[in-house]
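Next come the chains, spelled out residue by residue.
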Amino acid sequence: MGETTLKELEDAIVQMDADITEGLAIKLLDSGTEAQVILKEALLPALDRVGTLFRDGDYFLPDVLMCVKAYDNSFKIILPKLKEGDYTSRGRVILGTVEGDIHEIGKNILFALLEGNGFDVLDMGVNVKADDFLAKAKEWSPDIIGMSSLLSTTMPAMKQVIDTFTKEGLRNNYKFIIGGAPVSQRFADEIGADGYGEDAQSGVELVKRLLAS
Amino acid sequence: MKPGRLEFLSESEIKKIDALSLDILENTGIKVELKKLRGILRDIGCTVDETKKIVKFRPDIVQAFVKKAPREYILCGADPSKRWPVNPDTRVFGGLGTAVNMYDLYSGEYRQATLQDVVNHIILFDGLEHIVSSQMDIWPGDIPMQTIHVEAMRAWARHSTKSFGMGAYGVMPTQDMMEMTSLIMGGRENFKKQHPFIAIVSIQSPLSSVQIQLEGLMVLAEWGQPALMSPEAMAGTTAPVTIAGLLAQHNAEILAYIVMAQAVNPGTPVMYGTVSTIAEMRRGTVALGAIEMGLISAASAQMAHYYGVPCRAAAGGTEAKTLDMQCGIERERSMMLAALGGANYITSVGTIESTTAGAHELAVIDNEIIGQIERALRGIEVGDITMAAEVIKAVGPDGNYLMQDHTQKNFRREHYIPKLADRDKRDVWERGGSREMINNAREEAKKIIATHKERQLDPKLLMEIDAYVDSVKARSLEDFYAAEWES
Chain L
0 MGETTLKELE DAIVQMDADI TEGLAIKLLD SGTEAQVILK EALLPALDRV
50 GTLFRDGDYF LPDVLMCVKA YDNSFKIILP KLKEGDYTSR GRVILGTVEG
100 DIHEIGKNIL FALLEGNGFD VLDMGVNVKA DDFLAKAKEW SPDIIGMSSL
150 LSTTMPAMKQ VIDTFTKEGL RNNYKFIIGG APVSQRFADE IGADGYGEDA
200 QSGVELVKRL LAS
Chain S
0 MKPGRLEFLS ESEIKKIDAL SLDILENTGI KVELKKLRGI LRDIGCTVDE
50 TKKIVKFRPD IVQAFVKKAP REYILCGADP SKRWPVNPDT RVFGGLGTAV
100 NMYDLYSGEY RQATLQDVVN HIILFDGLEH IVSSQMDIWP GDIPMQTIHV
150 EAMRAWARHS TKSFGMGAYG VMPTQDMMEM TSLIMGGREN FKKQHPFIAI
200 VSIQSPLSSV QIQLEGLMVL AEWGQPALMS PEAMAGTTAP VTIAGLLAQH
250 NAEILAYIVM AQAVNPGTPV MYGTVSTIAE MRRGTVALGA IEMGLISAAS
300 AQMAHYYGVP CRAAAGGTEA KTLDMQCGIE RERSMMLAAL GGANYITSVG
350 TIESTTAGAH ELAVIDNEII GQIERALRGI EVGDITMAAE VIKAVGPDGN
400 YLMQDHTQKN FRREHYIPKL ADRDKRDVWE RGGSREMINN AREEAKKIIA
450 THKERQLDPK LLMEIDAYVD SVKARSLEDF YAAEWES
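Chains as they are written, first to last, in numbering that gives the first Met the number 0: chain L, 0 to 212; chain S, 0 to 486.
Hints were generated in silico from the structure; no laboratory data involved.
Where a beta carbon is used, it is the ideal one built from N, C-alpha and C, also for glycine.
Any given hint could be a false lead.
Below, in silico cross-link-like pairs of lysine-lysine (BS3-like), each with a Cα-Cα straight-line distance of 25 Å or less [said to hold, decoys possible]:
| # | chain 1 | residue 1 | chain 2 | residue 2 |
| --- | --- | --- | --- | --- |
| 1 | S | K408 | L | K158 |
| 2 | L | K39 | L | K207 |
| 3 | S | K424 | L | K207 |
Heads up, incomplete: computed chain S residues facing chain L, CB under 8 Å, no partners named [as the list claims (entries may be wrong)]:
| # | residue |
| --- | --- |
| 4 | T97 |
| 5 | Q407 |
| 6 | K424 |
| 7 | V468 |
| 8 | S470 |
Extracted from the complex, chain L is given alone in its bound form (with noise of 0.2 Å):
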């Protein structure tokens, strides 16, 4: 009973069937499955099919999205149990469209698949400016800190971002990285930026590489 229904999961989050992967979640846990169970024999092997269906060209931007929700419906009833055991996320993540620019289907899209891949991420949303990226980062801790510009004009924002936790003496305490469409790598080198990804999925391939490192 318990093994099928782990399946069960695993293939309703791969067949973006968002609206029963929570009833199954709890009646997983309601027989006595534990959390670290359910996420380690159904929701990460889930993502990782999914992974390689968009990998391979099968699968396309919306359907990722629309497992990554199925997968957060089941994930947020498993959550609290998994905390009282000893889970520790895969890393944290801010994420923010820096200031001037309110562009952020992009950043969006690296949000939900960061959290589909088991990343904690915090979306603080469009034009945010140096100094509250600094005052979140001190509150929330997170290993990396990604910014956005879709403008070529708010680009050297991102390097006020870094140049404003380099003067406060803690830019070596996160990795910093950038994406959009007017960025390159070889902009991410002149700002002194950690990483760079060409589109969401390369997002989600820096962030795992940085935290490996």
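Once you have looked at the hints, place chain S on chain L.
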């Protein structure tokens, strides 16, 4: 939703062209290079000049016999569960030929076409979702001329679930094709009830005929198989230089051929075909990549539909010698114009160099072009779901639609998703090896050929097919041509 349909002729212009064609048929006539057929035409009331072989058609005869052609029939595959209705409102795409040279898919070398190319071509078409029919598009140079058609049909039986076809050239080859199709489709009666095979009947413009094509036409009509009446008139050499003049002349030719098919066997499925285009005025050669070819195809579709028959148009032709920009531009635009004009069977896939050379990767590219054209022609669906009223309100200012169910449920249908065209950002593209579309097409072609599985045919049928091919191999080239009827 308004159908995406392009019209170059007004109703009154269609009638003017029709009137001139009827005038040509009545007063100038068509040269019919086959005695047997002239006899049949005399029997239905045409005036025949036996010494000049000229047949003149009264307008009432033309009108009465064109009406006998069916508006619709079902094309099927070697696997008869694959079916495509053909009528003035539907559209299928097929191959175009004949390529005698090929760019080698693996080495890139330009060389003579081989039987293996024929086999790979048929395999490829079976795997490309937007392509319905192979037209014996490749003409191999490594096997005897008199065996090409039966070798191609054997490859079709073994490797394709889709439709097949080729030129109707002469009594013996056309009968071979009918007999072999009959074998493959499970017997003569079974075959006559369906249409897996379509044949192109070429018309000799201006206003004439080639004996072997007429022989082929008669054999096809007797077997009740679709005949595609296809002039390749060239404005400036074999037709008036003006497009309206070309249309009137080739319309007369096509109508005469439709009458012939109906006179032999009333109800024979036909298509109003066109391979007509302009001539290259510096050399008098054909210009299949010309923009005017698209105009002629679209206008021909209008004429075909005026008579209530489906239209075959050749498209995708190019005079380019390599897989370059000219090749891409010319193929896409004539396919688009033919499709927008309402042509129902568009033979377009996989060739360059005025269809005398080909490349397998081009077929894969054409498949993607067709997918995009099909998407364009599907048009814009306006309804409760597609208007997205609730979603627009729910997302509101500054939101985004990416995470909406509506997006996930509808994007595959609303957007054409290319497999070959690159849409990545530069860094991603560079990391992937800076590949051009043609590289992706090459890889896809290799993959389809490598993973193809031969059809599981009854061993007895395979032996019968092999025996038929062997009997044809035993013929001499003289035998092959000796079978013709009196001209």
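A quick look at each hint next to the structure:
1. S:K408 <-> L:K158: Not OK: K408 (chain S) and K158 (chain L) at ~40 Å, beyond 25 Å, violated.
2. L:K39 <-> L:K207: The given pair, whose Cα atoms are some 18 Å apart, holds under the 25 Å limit.
3. S:K424 <-> L:K207: Holds, at about 21 Å.
4. T97: Where the cut-off is 8 Å and the nearest Cβ of chain L is about 35 Å from T97 (chain S), the hint is violated.
5. Q407: Constraint on Q407 (chain S) satisfied, holds at 4 Å.
6. K424: holds, 5 Å
7. V468: violated, 41 Å
8. S470: Violated - the Cβ of S470 (chain S) stays beyond 8 Å from chain L, reaching only about 48 Å at its closest.
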